[in-house]
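There are 2 protein chains.
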Amino acid sequence: MPADMRAASKPIELRVDLKERSYPIYIGRDILGDGTCLAPYIPGNQVFIVTNETVGPLYLQTLTNALSIVLEPGCQIDEWVIPDGEIHKTLDTYRAVIDALIASRHDRSTTIIALGGGVVGDIAGFVAATYQRGVNFIQIPTTLLAQVDSSVGGKTGVNHTQGKNLIGSFYQPSCVLADIGVLDTLPEREYLAGLAEVIKYGVIADSEFFSWLEDSLAGLRAKLSEVTAEAILRCCRIKASVVARDERETGLRAILNFGHTFGHALEKITRYETYLHGEAVAIGMVLAMQLSRLSLGTSEADVQRLSRLLTNAGLPVKLPEGLDLAEFLNTMSLDKKVHRGCMRFVLVERLGRAQVSDEVDPEAVERVLLSSGLSTHD
Amino acid sequence: MPADMRAASKPIELRVDLKERSYPIYIGRDILGDGTCLAPYIPGNQVFIVTNETVGPLYLQTLTNALSIVLEPGCQIDEWVIPDGEIHKTLDTYRAVIDALIASRHDRSTTIIALGGGVVGDIAGFVAATYQRGVNFIQIPTTLLAQVDSSVGGKTGVNHTQGKNLIGSFYQPSCVLADIGVLDTLPEREYLAGLAEVIKYGVIADSEFFSWLEDSLAGLRAKLSEVTAEAILRCCRIKASVVARDERETGLRAILNFGHTFGHALEKITRYETYLHGEAVAIGMVLAMQLSRLSLGTSEADVQRLSRLLTNAGLPVKLPEGLDLAEFLNTMSLDKKVHRGCMRFVLVERLGRAQVSDEVDPEAVERVLLSSGLSTHD
Numbered sequence: 035m036p037a038d039m040r041a042a043s044k045p046i047e048l049r050v051d052l053k054e055r056s057y058p059i060y061i062g063r064d065i066l067g068d069g070t071c072l073a074p075y076i077p078g079n080q081v082f083i084v085t086n087e088t089v090g091p092l093y094l095q096t097l098t099n100a101l102s103i104v105l106e107p108g109c110q111i112d113e114w115v116i117p118d119g120e121i122h123k124t125l126d127t128y129r130a131v132i133d134a135l136i137a138s139r140h141d142r143s144t145t146i147i148a149l150g151g152g153v154v155g156d157i158a159g160f161v162a163a164t165y166q167r168g169v170n171f172i173q174i175p176t177t178l179l180a181q182v183d184s185s186v187g188g189k190t191g192v193n194h195t196q197g198k199n200l201i202g203s204f205y206q207p208s209c210v211l212a213d214i215g216v217l218d219t220l221p222e223r224e225y226l227a228g229l230a231e232v233i234k235y236g237v238i239a240d241s242e243f244f245s246w247l248e249d250s251l252a253g254l255r256a257k258l259s260e261v262t263a264e265a266i267l268r269c270c271r272i273k274a275s276v277v278a279r280d281e282r283e284t285g286l287r288a289i290l291n292f293g294h295t296f297g298h299a300l301e302k303i304t305r306y307e308t309y310l311h312g313e314a315v316a317i318g319m320v321l322a323m324q325l326s327r328l329s330l331g332t333s334e335a336d337v338q339r340l341s342r343l344l345t346n347a348g349l350p351v352k353l354p355e356g357l358d359l360a361e362f363l364n365t366m367s368l369d370k371k372v373h374r375g376c377m378r379f380v381l382v383e384r385l386g387r388a389q390v391s392d393e394v395d396p397e398a399v400e401r402v403l404l405s406s407g408l409s410t411h412d
Numbered sequence: 035m036p037a038d039m040r041a042a043s044k045p046i047e048l049r050v051d052l053k054e055r056s057y058p059i060y061i062g063r064d065i066l067g068d069g070t071c072l073a074p075y076i077p078g079n080q081v082f083i084v085t086n087e088t089v090g091p092l093y094l095q096t097l098t099n100a101l102s103i104v105l106e107p108g109c110q111i112d113e114w115v116i117p118d119g120e121i122h123k124t125l126d127t128y129r130a131v132i133d134a135l136i137a138s139r140h141d142r143s144t145t146i147i148a149l150g151g152g153v154v155g156d157i158a159g160f161v162a163a164t165y166q167r168g169v170n171f172i173q174i175p176t177t178l179l180a181q182v183d184s185s186v187g188g189k190t191g192v193n194h195t196q197g198k199n200l201i202g203s204f205y206q207p208s209c210v211l212a213d214i215g216v217l218d219t220l221p222e223r224e225y226l227a228g229l230a231e232v233i234k235y236g237v238i239a240d241s242e243f244f245s246w247l248e249d250s251l252a253g254l255r256a257k258l259s260e261v262t263a264e265a266i267l268r269c270c271r272i273k274a275s276v277v278a279r280d281e282r283e284t285g286l287r288a289i290l291n292f293g294h295t296f297g298h299a300l301e302k303i304t305r306y307e308t309y310l311h312g313e314a315v316a317i318g319m320v321l322a323m324q325l326s327r328l329s330l331g332t333s334e335a336d337v338q339r340l341s342r343l344l345t346n347a348g349l350p351v352k353l354p355e356g357l358d359l360a361e362f363l364n365t366m367s368l369d370k371k372v373h374r375g376c377m378r379f380v381l382v383e384r385l386g387r388a389q390v391s392d393e394v395d396p397e398a399v400e401r402v403l404l405s406s407g408l409s410t411h412d
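Note that the protein sequences, when read in sequence, are chains G and U. Numbered per this note's numbering, the first sequence spans residues 35 to 412. Numbered per this note's numbering, the second sequence spans residues 35 to 412.
Bear in mind the hints are in silico, worked out from the structure with no lab data behind them. Be a bit skeptical, because a hint or two may be false.
[Claimed, not checked] Output of the computed footprint for chain G on chain U, the stretches with three or more beta carbons under 8 Å from beta carbons of chain G: (1) 120-132; (2) 164-176; (3) 196-204.
Glycine included, C-beta positions come from ideal geometry on N, C-alpha and C.
Could you put the whole structure together from the sequences, leaning on the hints where they help?
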């Protein structure tokens, strides 16, 4: 833990190394209201903030005040508030933001700022990637999930009725600002859902971090600044290192999708109404770990440690009752992680070590789902 | 002229140098029916061809036959035919193509082939750039304009009711195939509109090429294979060299927009019904040349040479009667080439030498428009 974290005024800086698209992530408490962090990353005299109806009332004013102080007088600051929720991550919402940018005459030198969770970041990022073929983009993630996940990697996009993130692009921000102060107003359930992704990083890439999480869980659940900042930093560092080696997800990067093939299908089959993304991923990770056990002989002890940590983090680890096996399998096969007709899974040999496999036996997938309580209706 | 051009069987290859995004352009006669050119650029076992209702009936069968011969048996080849015309270059058409891809279950390893003019290329390219965050893309431009313009540079996108190309991204194809044989079925008017862009390259970057065009115009208008192939090669080479130095249009690349600030406004104000893009650019180039004379003291002789070459190429060089000055100026100011509130123009000091200027005197713009016959209604 760096000493400057306790001072809370000077953020930690983590550099994401992507050659000419490299950018910094600033992590600290209450940095949202300090425009000096952002000012160097706003080259033009127009700013367009995208937020949602939940985050807007809490932090929009703080951000615009901070910007008004540090930017040149006469700088144009516009805002656009989208409805809250994954069901609004659509091409229609995207189009509304584009229309608003055009109506306010934002030109190619504008800066788009995403102030919100993953949905806001994904939509605003896709807008930034495609408005006038790409404009400057800044991310201010306001959920734990977004701070450890969406803020690194450049994935942007919207959902299609047939599946998540089927439309989008890779587009890097010029900077990311992770303010741990905003987590105080985040609903408990959302915070815990973010912990699922935090735990994921330990499982796929760093067993020492996994152990640290087992030890630090109480502090994390209590949102102690130092523990939370340390967790975010370590997650972002892991993700940054993976992304730097495989920006466009041609190989290695896919390990970040651990738990997501099952998780996405679960979210979709329950119409995005029952589970938060992180909750679905928690269940998906346990399923993927069981699949690893069948496919790679991963130890039962590791399966149990993951399941226990997730449970202690207040997360679900079991599929709900009443799901249909055939429907679940069909939904999984529509996921974009399907590669040349084969379903792609991320498997974990042992905690801290993941691999991508296109050769999982479909019967093993069925066995995992059946033993998790899915039924066959025939 | 390389000897192998006359044989017509072996295409010329021009390499566009964009580091890891480099790709070849093949130029030759009747190469569309020879799948061996394309096969190395189709890594997966799914192909999705986007074409339009005009080009489809002429060349789709030839292309699919060629693909069926060289691709592995069982390879999935789907087609999507969009309506012809710039008014269909919309987010709605884009969405329909995306829906079709999803309905046919194309995954991330699919290859999208654009078979058509600029509109097909721009939409299909934007689809390729954003479907599942980017899939493999091949361009087969079937108009002269697309062969010399859209096939190099990676610009993709759709129009918005408020302006052209306001939505899109930069996305490079893995290869481009310019078949000069298809120009035989291109309507004369469209072929001539393509010549406007050919002439543009001489004006902005190569006075020797401009002179060659003056000398070779008869051969070009007669579509002599050797002359046409040579013109396409030289245009692509100029554009490739400009794009290689400025892929994302932060500076130099903007010179390719010579004539386009005026041209886009003219297209829009006449609702894309009166002029083909190249025709509007022809008129726009003459206006931009007159603006260069007022702003940089470009010689009247150069203005006349450009005007004469365009006229001899059967292209319009004068604005139509009855346009309103205020409306024209307002339309220009909405163009995405507006930079930090200033209209951006490409000016030509002398034939072969262009520069970008954000500091054109608005009065000079008005004078050029007024002397071209625009009226003030007040």
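Each hint tested on the structure:
| no. | hint | verdict |
| --- | --- | --- |
| 1 | 120-132 | holds (count 3) |
| 2 | 164-176 | holds (count 5) |
| 3 | 196-204 | holds (count 8) |
When the structure is compared with the earlier hints, no violation turns up for any of them.
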